[in-house]
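Start counting the sequence shown at 0; every next residue gets the next number (numbering that gives the first Met the number 0).
Be aware that a few hints might be false.
In silico BS3-like pairs for lysine-lysine, Cα to Cα no more than 27 Å straight-line [claimed, not checked]: (1) K17 <-> K51; (2) K263 <-> K39; (3) K267 <-> K39; (4) K263 <-> K29; (5) K392 <-> K491; (6) K27 <-> K267; (7) K17 <-> K203; (8) K215 <-> K148; (9) K27 <-> K563; (10) K189 <-> K170; (11) K263 <-> K148; (12) K148 <-> K170; (13) K267 <-> K29; (14) K215 <-> K203.
Pair by pair, the computed Cβ-Cβ distance ranges are [stated by the list, open to error]: (15) T358 <-> V581: 20 to 30 Å; (16) S192 <-> G476: 31 to 41 Å; (17) E543 <-> P478: 15 to 25 Å; (18) R361 <-> A577: 44 to 54 Å; (19) K27 <-> R372: 45 to 55 Å; (20) G155 <-> P207: 14 to 24 Å; (21) P207 <-> E143: 19 to 29 Å; (22) A118 <-> T172: 26 to 36 Å; (23) E143 <-> R323: 46 to 56 Å; (24) G476 <-> K392: 17 to 27 Å.
Source of the hints: derived by calculation from the structure; they are not laboratory data. All residues carry an ideal CB built from backbone N, CA and C; glycine is no exception.
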Amino acid sequence: MSTSVQSSCGPNVAPLAKNIRVYNTLTKHKEHFEPVQPGKVGIYLCGPTVYKESHIGHMVGPVIFDTIKRYLVYSGYNVTWLVNITDVDDKLIAQSRERGLPMAQIAEEMTQDYLSNLATLGVDQIDQLPRATENMGEIILFIEQLIEKGFAYASGGDVFFDVLSDPEYGKLTNRSAESQQGEGGGAADKKHSAADFALWKAAKEDEPFWESPWGKGRPGWHIECSAMSRVAFGETFDIHGGGLDLVFPHHENEIAQSECCHGKPMAKYWLHNGLMRADSASGKLGGRADREEQTEEQAAVQATVDNKISRSTGGGGLADLVARQGGEKIRFFLLRTQYRSTIVFGEAQIAEAATGLETFYRFFERHERVQGRSFHDIQPIASRAEANAADQKPKAAGDTTRAEITRHRENFLAKMDDDFNTGAALSELFDLVHLLNKFADQHNLEDASLRSEQNVAVFQRGAEVLRELSALLGLFGQPAQAASANDAVIGKVVELLLELRGQARGRKDFAAADQLRDALAAAGVVVEDRQGGAGWRIESDDAEVLPPLVEVAIAQRAAARANKDYPLSDLIRDRLAAAGVVLEDRPEGATWRLE
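Generate coordinates for the entire structure from the input sequences, incorporating the hints supplied.
So this is what it looks like as structure tokens:
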């Protein structure tokens, strides 16, 4: 991604899906989705103010709208998605002073952090990333037009929007203009009404500034989005998105600016994602979106979001969280709920999501055992119309599993059609994997001597549908992250212990074999006995698995020594050493360290 157009969808060649419904914050109803221009969709998502590192709350909107764009493109629409970057702001100026660096340098540094985190979470559908500082001419022009039309006024180097001049002000939130309170401080004396908000701010000493008809200054917060959306999409576009914390005042003020300037709707549909709060607190992640003074009502709401999450638990430094958890795991976690719902964040919740991911990862391993090639080599069908045609191919009489695969696909699409309900759609993917696993067991698909080509083809059709649908969520595009060095050690120790278990079973010492299986399970390794040998998977954090595994191996070696089976004792020691685990025999017992 960069600040220029990265991708564009080709001209429509497929029929458009007509069943999509979206919840419109403006009308408070679900509505059938019909773009302003047939076949084309413009999406504007409010992006970050780049003054500090991204936290997980900054990823909620991009992950959701990345998924929405994927689904609309799949459904036949030509979609352009824009995310703005606010790179001039009071917070950036404060950071510049605190760090002794130019504001532009900090903005660039934090923008790159934001983009890096987006990439890690698989957000790669953004077409434009315009910055406020790159659109200053359009911002100034927009303000001039509002003044000319009587909706704004200059005062002491500042320019304010005259809220009382807009008879429809407050229609997004059902608030009256008289009940609102804008900026306080020195700006209050310059305004006609307390509700008026800044379009342009006169520069203070040592602040960055741009020349304007009203003197040196910089734009207010709200005007940049009105200006940049017009540059990209014109006076009216399809979808405006953002977090619920932006509904007021930001989006309310955007509507006032744009619709007073143009005399027509700014956006046809307003989509707002739910906020994120810590599992042990009642607050959303991150700080206030509102940069102005609050009414008593807003202050009461703000009291519920003041208990902010710390950086150590995800409130900042997202790169650290990604390093611990992995980007796909975080994306999966964010998509488990319907996008308008509150997301409860905690590493325990992400770990729970990881357990769900393992269901799919185990299926991918099974697919490779059955087919001899990776699930990720399947090319997903990119068009809904093309996929529908593939699904309508004749099915063999009595082929109930193929019919069930089709049913799960149709249910998935119906749930995504219903206001992009990713949480409900994911449940269909779980059900589909359960169906395919059951089918593989019933028809011995992992035994080449017992399976039939027809049943393998049914299994493969299910895998193709899973690949098609999961791609719409931005999931499973590539194999899970490569194993770390620690994973390699764990793998070698587990294989050693499984060999010892196999030897015990071979001499019919089933008690010893069961004891080893239980010891592995206690360490977080689940053993699965299959035709051709035992498989295994980890169900705990890797860092917690290795120490108890090594202790199990040490106990096996101690038992061998007690039985004077020195060849076995030496074998265990040497295999551990080859894995990178060095044993040291001491009077009180063996100790170990990683080489």
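Using the C-beta atoms of E143 and R323, is the stated range 46 to 56 Å upheld? holds, 50 Å
Please work out if K263 and K39 have their alpha carbons no farther apart than 27 Å. holds, 19 Å
Sort out whether K51 lies within 27 Å of K17, counting only the CA atoms. With a Cα-Cα distance of about 41 Å, the restraint between K17 and K51 is violated, given a limit of 27 Å.
A range of 20 to 30 Å was offered for this pair. Does it hold for the Cβ distance of T358 and V581? With Cβ atoms ~37 Å apart, the hint is violated.
Using the beta carbons of P207 and E143, state whether their distance is inside 19 to 29 Å or not. holds, 21 Å
Note whether the CB distance of S192 and G476 lies within 31 to 41 Å or breaks it. Distance hint for S192, G476 is violated at roughly 52 Å.
Holds or violated: K215 with K203, Cα cutoff 27 Å? Holds - the C-alpha atoms of K203 and K215 are around 9 Å apart, at most 27 Å.
Given a hint of 17 to 27 Å, does the C-beta separation of G476 and K392 actually sit inside it? holds, 26 Å
Should the hint that K27 and R372 are 45 to 55 Å apart at their CB atoms be regarded as holding? 49 Å Cβ-Cβ, so the 45 to 55 Å window holds.
K263 and K148: Cα distance at most 27 Å? Given pair K263, K148 holds - Cα atoms ~14 Å apart, limit 27 Å.
Compare the distance between the alpha carbons of K148 and K170 with 27 Å, and conclude whether the hinted pair is satisfied. holds, 21 Å
Consistency of beta-carbon spacing, P207 to G155, with hint 14 to 24 Å: Given about 19 Å between the Cβ atoms, the range holds.
Violated hints, in rising order: 1, 5, 7, 9, 15, 16 and 18; the structure is consistent with all others.
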